[in-house]
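Given the sequences, and given the hints that come with them, work out the whole structure.
Numbering (mature numbering (1 follows the signal peptide of the UniProt record, and there is no 0)) for the sequence shown: -19 to -1, 1 to 644.
Don't read these hints as lab results, they were simulated from the structure.
Given the structure is predicted, the values throughout are model-derived calculations rather than measurements.
Among these hints, one or two may not hold up.
Claimed, not checked - DMTMM-like mimics (lysine to aspartate or glutamate), calculated; alpha carbons at most 20 Å apart, straight line: (1) 227 x 189; (2) 591 x 454; (3) 273 x 292; (4) 591 x 505; (5) 243 x 149.
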Amino acid sequence: MRLLPLLVGFSTLLNCCHTQNCTKTRCLPNAKCEIRHGAEACYCNMGFSGNGVTICEDDNECGNLTQSCGENANCTNTVGSYFCMCAPGFRSSSNQDRFITNDGTICIDIDECSESFVCGDHAVCENVNGGYRCFCREGYQTSTGKLQFTPNDGSYCQENVNTNCYLDNACITENVNKTLEKIGPIQEPVTLLQKIYRNSMTDISLMDIITYIEILAKSSPLLGYMNNTVSDKDTFSNSTLTEFVKTMNNFIQKDTFKIWDKLSSNHRRAHLTKLMHTAEQATLRISQNFQKTTQFDTNSTDIALKVFFFDSYHMKHTHPHMNVDGDYIKVFPKRKAAYNLEGNVAVAFLYYKSIGSLLSSSDNFSLEPQFSDNSEEQERVISSVISVSINSNPPTLYELEKITFTLSHTKITDKYKPQCAFWKYSSDTMNGTWSPQGCEVTNSNETHTSCHCNHLTHFAILMSSGPSIGVKDYNILTRITQLGIIISLICLAICIFTFWFFSEIQSTRTTIHKNLCCSLFLAELVFLIGININTNKLFCSIIAGLLHYFFLAAFAWMCIEGIHLYLIVVGVIYNKGFLHKNFYVFGYLSPAVVVGFSASLGYRYYGTTKVCWLSTENNFIWSFIGPACLIILVKQKIGLLKKWMRHLSFILKLSTTFIYNTF
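Encoded structure:
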């Protein structure tokens, strides 16, 4: 009985909200009639909105909510409801194809690379968010020429029949044409630069770098072209220069240095020279499109650009300069009493932060005296590289007097003398080298060097180990060296003849001297003939290998001479024939082993751009210095032992004489 009032009250509450058949009100099909608090009313079903009597429209849940299905999912609206499906490359955490919001389901990435051979033969799979991409293994290339691909686009990996395509001009040209076909017709220079930039952002190969440099070089005139329909040419020029710097940076940033190292020094410098030459020409062409006095600068991680554009009326008040990371350069034009000519001037500064290490190596610098009468022994670039180029219309409007610059050192130079230099190259062959011509050091300390030059191009600070020699002194020293070697060869020939044909003096000692003289004779003869013939890389490498072998053989026979003296002093009884056989094995076979092992590990270090000798790159020169120092130490130890034996013999003789006199 006590529960009866409670049940009655609960029943009354339900009756005020439950659905009944309405007698007075007629509702739309997507609505229902409910009696709430004693009154009839129509209410739209869930998923619809309206008054239920005259209108009841479907709610678009996909449009009314932001990310209604969450990240990486697509929303599909239905009549009165909606459902969610994961985007391609993702799957739902509940493993159901369709789900709704707030049921705890999220979309997670599918690891396509977990399946074996998803990319096909000779390919590597890399999973990315929402998909995957494939790359061909080393020695293979895609059938379509793309850097990356998916099997759905019909690409596959095939053997690269020409792995050294970058050494063949015809192959490079063919690759450039194929790449241009894939890029398609270009209407604006910015579009070309953007496409090259995107294609070269990641996983770029040496062939890709060379190809894109060639494309930029061929497209240099196009980069300065501007359609007459462009309304704001200044803004458009700024955009083009910005895209150009971004694209250039992809080819010379530090991440690409390992790729550049695959090229020999000569090929590397030629391609980098073409890149710098193209950058210089393109920036000037683009700068000519400015319509008003402009000072524009842009930079990326390893390259910066600053452009000045002005007319004759602003010439007196414009002082072109550039200041980047503590490096400074300024242009000084010739002073004129009056500027009566009308025209405009474009001055472009390009700053390369790290390219100097690519343009310098231990065999990069030549001592060729024809470049300068006061050239110094150049070793390596110890600064950034900075360039300045000028386009004056007419040419006599803005004539250069001098350029001053201050560059910071990348290495401390307290033990070396810094030198101002510029990159001297031929625009036809793109072959270049550093030269101090027209540049002088004005001030220098351990961290910075200031210079002034009387011409334009790319400038840097070099590290030199000492004062240089002029052309005249160089030629005199060369003749003295050649004369000394010729005299030495004559004397060695007389010694060999004597040791070989005079039977009265034949012995183990003369046999050793005879072979020592033969090794030195052949080493000096090869040196005289081929040390400076460095125009042919293969021939120069062979000369360097022969010099390496014969000089090591000479050191080996010096060591044998010491061993023989030790045997004589100690008084060891030995078999002459057996000893001679082992001497020949050690004297000629051990140098061959050292040279063969060195050549197998670093054959490209035989021959440099200066002389046909061993390169100092990666300490390869120690393949000669190491064995030579070891032999010198052995000889020194044998000499000390021989001196000690003589001292011991002398003491023993004194003791014997004393005992004899006593008795």
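Do the hints match the structure? See the list:
1. With a C-alpha separation of about 16 Å, the suggested pairing of residue 227 with residue 189 holds against the 20 Å cut-off.
2. Simply put, residue 591 and residue 454 have alpha-carbon atoms about 18 Å apart, close enough for the 20 Å limit, and the pair holds.
3. Simply put, residue 273 and residue 292 have alpha-carbon atoms about 8 Å apart, close enough for the 20 Å limit, and the pair holds.
4. Taking the CA atoms of residue 591 and residue 505, the gap is about 18 Å. The hint holds against a cut of 20 Å.
5. Annotation: proposed proximity of residue 243 to residue 149 holds, straight-line Cα distance about 15 Å (limit 20 Å).
In this structure, none of the earlier numbered hints is contradicted; all agree with it.
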